[in-house]
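**Student:** Residues per chain, in single letters:
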Amino acid sequence: MNKSFIGLIVVSTIFLIYATGFYTNFQTDSALEVIDFSIDQPEIENSVPPNPDRIPLYGDLHVHTKYSFDAYIFGVTATPYDAYRYAKGETIKHPLGFDMRLREPLDFYAVTDHGFYMGMIENYADTSSEMSKKEWTKPMHNINRPENVTTESLGERADLFSSVISQAIVQPYPYWHPKLWKAWFTNNIQVALQSFDYDVHKSAWADVANAAEEFNKPGKFTTFIGYEFTTSTDVEGGNLHRNVIFNSSKAPIRPWTRIDSLNPEDLWTWMDGLRDKGVDSLAMPHNSNGSNGQMFEVETFRGNPISIEYAEKRMRNEPVVEITQVKGTSDTHPLLSPDDEWADFEIMDKRVGSRPPTYSMPQGGYVRDAYLRGLTLEWEGRGNPYKFGLIGSSDTHTGAGGFDENNYWSKVGVLDGTDMSRGSVPLTQDRIEQLEEYAELYDQPISIQDIEGRTYADVGFDQWSASGLAVAWAEENTRDSIFQAFKRKETFATTGTRMAVRFFAGYDMQSIDIDSEDMVKNAYAKGVTMGADLFSKDNQTPQFLVWAQRDKLGAPLQRVQIIKGWVENASGTPKEKVYDVACSDGLTVDPVTNRCPDNGAKVNINDCSISSDVGAVELKTTWVDPDFDPTIKAFYYVRVLENPTCRWSTWDALKAGVKPRPDLDETIQERAWSSPIWYIPESRQLDIIPL
Amino acid sequence: MNLRIVVFFAIGLIIFILDIGFNSEQDSKDIYISDQELTSLLSAWKSQVGRPPSDEEIVSIINNFVQEEILYREALLLELDQEDRIIKRRLAQKITFLKQETIPDDPSQEELENFFELNKDNYFVPATYSFSHHYFSKESNAKEIAAKAFNDYKTNGTEIIGDPFFLGKNFYQKSANEIKKNFGELFFSTIENLSLNDWSGPHESVFGQHIILLKEIKNGFSPPLEKVLLKVQQDYLSQAQDKAIDEYINEIRSQYRVIINPDYKF
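If you read the protein sequences in the order shown, they are chains A and B.
All residue numbers for the first sequence refer to my numbering, where the first residue is 175 and numbers rise by one.
All residue numbers for the second sequence refer to my numbering, where the first residue is -9 and numbers rise by one.
Calculated from the structure, these hints are not laboratory results.
These figures come from a predicted structure and were not determined experimentally.
Hints may be right or wrong, so weigh each one.
Just so you have them, the derived chain A footprint on chain B, three or more residues with Cβ under 8 angstroms [as the list claims (entries may be wrong)]:
#, region
1, 153 to 163
2, 196 to 209
With a cut-off of at most 20 angstroms between alpha-carbon atoms, the simulated EDC-like pairs for lysine to aspartate or glutamate come out as follows [to be verified]:
#, chain 1, residue 1, chain 2, residue 2
3, B, Lys159, A, Glu304
4, B, Lys221, A, Asp214
5, B, Lys78, A, Glu304
6, B, Lys159, A, Asp214
7, A, Lys353, B, Glu100
8, B, Lys164, A, Asp514
Simulated coverage check for chain B against chain A, where a stretch passes if three residues somewhere in it have a Cβ under 8 angstroms from a Cβ of chain A [claimed, not checked]:
#, region
9, 48 to 61
10, 135 to 141
The beta-carbon is built from N, C-alpha and C at its ideal position, and this holds for glycine as well.
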């Protein structure tokens, strides 16, 4: 009797919810509702047939515009449309007024504004908006009026970023407010925040999608609808940011953000849900270097042990990872790879966005370590959640990525748009006083430092890089073809250079004439390529085939390396080793040290010119692992190194007519990394000891 | 005759007095909320919240509206709208939208044709080139080897065997930009000047030497209007909107005089 009474109440409540229209709302604003953003466009004839040998297509999948909450505060007013124009080779303006233009156009581009508060700051700044009536938005009113987008506004902007915004935007409406109830019923927590206008947010997202649709030209230029899921661990502020891109014109009605959930596993659940509705997407983690070791943890977000389900879910949604970008490179760290002479490359060792800047633990923050952790987890029978491919991207916040050392504007607009504010050139007396004044006025840490008698800005931008690019091996320049390349991890990353690398493995590679015209066709037929698994075949030793070509406008190639990682069967100890496999200038690898001799390439620091007579146009070889053990699971990825060239900070100093800052690297070696090939041994019969 | 004038003025006076009597809204303290206004207030509320407002909420919606109206009118009386930059900007924005909206949505065929003729360059489909090449890598003594191989081919018909090129041997319908991207500027300026179906070389690029056979040039062309109609329509409308504003401002501008203190120090 009692039970059926409760049942009646439950049923009638559900009925009431339906009847009063809440249910419809739940459907409407659910983050799983799919919108077709496609626009009427003239048909374009794509008469060029797909190339079965695949072509390398260069792009950037990490670009912010004015719709990102931080970019707008950095003075950025560039729209997604401006960003796409830039990628196609047009000139757009930096917030500080100078021209930004690519050396040569890119093949694909994705605007990925922060989903969190997308479009809101511009709305606060617009004094005709509803939001701008709120008291706390006052400091943001008209912040990007033309006369205020200057280096002098830096203190004000830094203060907005670090105090005003973080305090104001988390205030919810009181419990009786209809918006709070709406939030609860529609499962859309952001609506409950006093600082949030859902209509503004949705229209910003629709504009991002519309820009992507307008610029996507099959066969010529590809765009993706996308955004950044900007989450972090709640303790220690470990950065867990990822970019999400969608495979078609169809995308959800709104981005899933950190307000919905901080837990990346919930993001994957949402992505799985969209996939069930026919919208495929992928998430790409970035800046693992600034995650304090939490990007590639050996436990889940909630501290549970990693399971096979977790590993499968992660790999289903995150096939590629950004290894390099403006905030440093995450290949490996000198502390993790003491035997790798090239490990100390563009290391950014601070947690992303930490104030004051806080050290980021290397363990668990670098991709090579992640690959090893993946093998270890698999060795323990818990699946491999870290079997991802590699891409690079810029993370620019000005709409325009700076990929060249001598054509560089860093990324945060007004904050680092000049050589002095990046810390590469000594500060003038005026600027020193200005920075001291700001520190006092806005209670910020002192941001100047003395180095050998000269005063520089001390803001961490000196650890940032003119990097990087994502390269997909695709049949043609279309959304589908490039997206499929990411899914099968047939990708490589570069530090901004347009070099290219092919990588194959198989058991019959040595029968292929590497100097024949159909070498690539044969390699595809007889082996596997980057991103794939190579399964054991009767315990044979596999052969690897590498072919790298220089950037026609960059420096020649110096060497090609294969980096191997494995876990010892008996002990579960992770190991790694770097092999040089091809050297420039006719030099040969020393079989004992596995190193090429020095090719003697030099850089003249006085004018940044480089040796013109050393280095290779292309490097090509087949290689056999001298330490191969057919019973051990291992990964192999390629690293291609250019001859040294001037770093951006040296170019800055050269252009300003001053000496380069003595504690920074004067030169760097631009490079590319392929996605790994994993060798999978035959599963061994376990000896079971009956108890 | 005179009577007519008197009657005319009398009627005019009556209309004038009536007008004052009926249109004294400026001083009137009545706030009239029309049915339409109410409907729009309530439906706006409903669309934001997701349900119709309760009686209490209706009261507060109306109170808010009334309060805003009172403050607005009092502000007008105090002439607070004068010399306010934000109000100026908002009004300027409104008139801009108004002028943009006066453009007809459907331009006539003739207008489109004229526009298309004037802007043909924007719809130009660039030339493409199809070619094959034998590549000799810079690593070797490329120039000599290439020259010899080509010579052997010409004299004895010996097959040319070079090195494989990273991006392959045959290139089909590539635009100038794609060729520059894959081979560099120098190589493209060579291609441009080759004669068709005639092996030639060796030609230099960043990567080494090339013996090239240009197979086909598809000249660039302006597509007929039908092929690009949608794009032309979009471009026409967006240009027409910009033009409407410019014309409007130019027209009015001549009536204004701008005075700036010539001694002001910038």
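**Student:** None of the hints should be skipped; say for each whether it holds.
**Tutor:** Verification of the hints:
Requiring three or more residues with a Cβ within less than 8 angstroms of a Cβ of chain A, the coverage given for the region 153 to 163 of chain B holds, as 8 such residues are present. For a cut-off of 8 angstroms, the count of residues in the region 196 to 209 of chain B with a CB near a CB of chain A stands at 3, and the three-residue condition holds. Between Lys159/B and Glu304/A the alpha-carbon distance is near 61 angstroms, which puts this suggested pair outside the 20 angstroms criterion. Proximity of Lys221/B to Asp214/A is assessed by CA-CA distance (about 9 angstroms); at most 20 angstroms being required, the pair is judged to hold.
A C-alpha spacing of about 18 angstroms is found between Lys78/B and Glu304/A, which places the hinted pair at or below 20 angstroms, so the restraint holds. For the suggested pair Lys159/B and Asp214/A, the alpha carbons sit about 38 angstroms apart, so the restraint of at most 20 angstroms is broken. Proposed proximity of Lys353/A and Glu100/B is contradicted: the alpha carbons are some 52 angstroms apart, above 20 angstroms. Note on Lys164/B and Asp514/A: the hinted pairing is violated, with a Cα-Cα distance of about 42 angstroms set against a maximum of 20 angstroms.
Only residues whose C-beta sits within less than 8 angstroms of a C-beta in chain A count toward coverage, and the region 48 to 61 of chain B has 0 of them, not enough to reach three; the restraint is violated. A stretch counts as covered by a chain when three or more of its residues have a beta carbon under 8 angstroms from one of that chain; for the region 135 to 141 of chain B and chain A the count is 0, and the coverage is violated.
When held up to the earlier numbered hints, the structure conflicts with 3, 6, 7, 8, 9 and 10 and fits the remainder.
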